[in-house]
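Take a look at the letters that make up each chain.
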Amino acid sequence: MFVTRKAEFSASHICRVAEWSDTQNHEFFGEEANPSGHGHNYVVEVTLEGEPDPVTGMVIDLKQVKSILEEEIVEPMDHRFLNYEVPPFDSIVPTTANVAREIWKRLEARFDSPAVRLARVRLFETADLYVDVIADSEMESALDGELAA
Amino acid sequence: MTTLTARYRFSASHRLYLSSLSDEENSQLFGKCSNPYGHGHDYVLSVTVRGEVDPQTGLMIRKQDLDRLVDQAVLRNFSHRNLNVDIAEMDELVPTTENVTLVIARLLQAAWRSLSSEGSGCRLWAVHLQETDRNGFEIRLNDLRRQTTPISINEGMVLHV
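Keeping their order, the protein sequence lines are chains A and B.
Going by the numbering used here, the first sequence opens with residue 1, and the numbers climb by one from there.
Going by the numbering used here, the second sequence opens with residue 150, and the numbers climb by one from there.
Hints may contain errors.
[Claimed, not checked] List of simulated lysine-lysine pairs, DSS-like, C-alpha gap at most 27 angstroms:
#, chain 1, residue 1, chain 2, residue 2
1, A, K105, A, K6
2, B, K181, A, K105
3, B, K212, A, K6
4, A, K105, A, K63
5, A, K6, A, K63
6, A, K66, A, K105
Please keep in mind that the hints were generated in silico from the structure rather than gathered at the bench.
Full structure from sequences and hints, please.
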């Protein structure tokens, strides 16, 4: 069974490669590279997979999920400038994909019990743009093999 | 795996009918969707790509490249059109959202091939089309190859509804 919990944070960022000139960055990233930065209301949906406990009827206590999301995502990222205040975005570009993958990395370490595993992180940068990081399944790998063949 | 999904919108009209059936039979089969003058929807198209995130830029694809591709392959041809008469690729097809999704997936796939000839590390993964808030249709590009031909207006086939 899958359980999804949502959290929100608002943050600013700039998408630019440090080694490139302002012109190069602007040509590549467009207005995402504007030098003073800009912000988004990010929405993150975290999906966990597990079986309901026979006694409590819960896959996981959502209070616990809420506090983990608070500690790992909201507290460090909400109302921050990602490039300047939230490592590793001092050294990697805080694109939606990179922020989603960082959130995955942080949460994976917290949901490491055999009973409950992290299945998906979906990060909305805007209502019309989101990135999914999804646990690799054996089926997906088999499908990739079939495609490559 | 990592995927990126962008949503787009277009408004279009359509009428569901099979030319081999009478108006009354069409009405029985398709209900209000077969009203003779057609009707419209605000469609929401979600396009999903899957790929490697470039370690330098943090991107799978530049959003502006995806926007241009979707605009050129789909939006500029479908927006504010009548799907029964204005879209060459929809000719002779019942414009059910299943068929519209299939046609859009094929158009995007063809456009994608021309874009990714430069060796992009990412590929088109899924196409989702929302006809209304209540009806959504999705096709994985992996499944497109196995997909049967869309339902033609003229075949007069028996549909199971």
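Exercise. Regarding the pair A/K66 and A/K105, is the alpha-carbon distance no greater than 27 angstroms?
Worked result: Answer holds: A/K66 to A/K105 is near 17 angstroms, not above 27 angstroms.
Problem set entry | Agreement of A/K105 and A/K6 with the hint, judged by alpha carbon distance not exceeding 27 angstroms | holds (17 angstroms)
Exercise. Is the hinted pair B/K212 and A/K6 satisfied, with a Cα-Cα distance of at most 27 angstroms?
Worked result: Holds - the C-alpha atoms of A/K6 and B/K212 are around 25 angstroms apart, at most 27 angstroms.
For this session: Would you check the hint for B/K181 and A/K105, treating anything up to 27 angstroms between C-alpha atoms as holding?
Result: violated (49 angstroms)
For this session: Would you mind confirming whether the straight-line C-alpha gap from A/K6 to A/K63 stays at or under 27 angstroms?
Result: holds (12 angstroms)
Exercise. Is the Cα-Cα distance between A/K105 and A/K63 27 angstroms or less?
Worked result: Judged against 27 angstroms, a Cα distance of about 21 angstroms means the pair holds.
Checked against the numbered hints above, the structure violates only hint 2.
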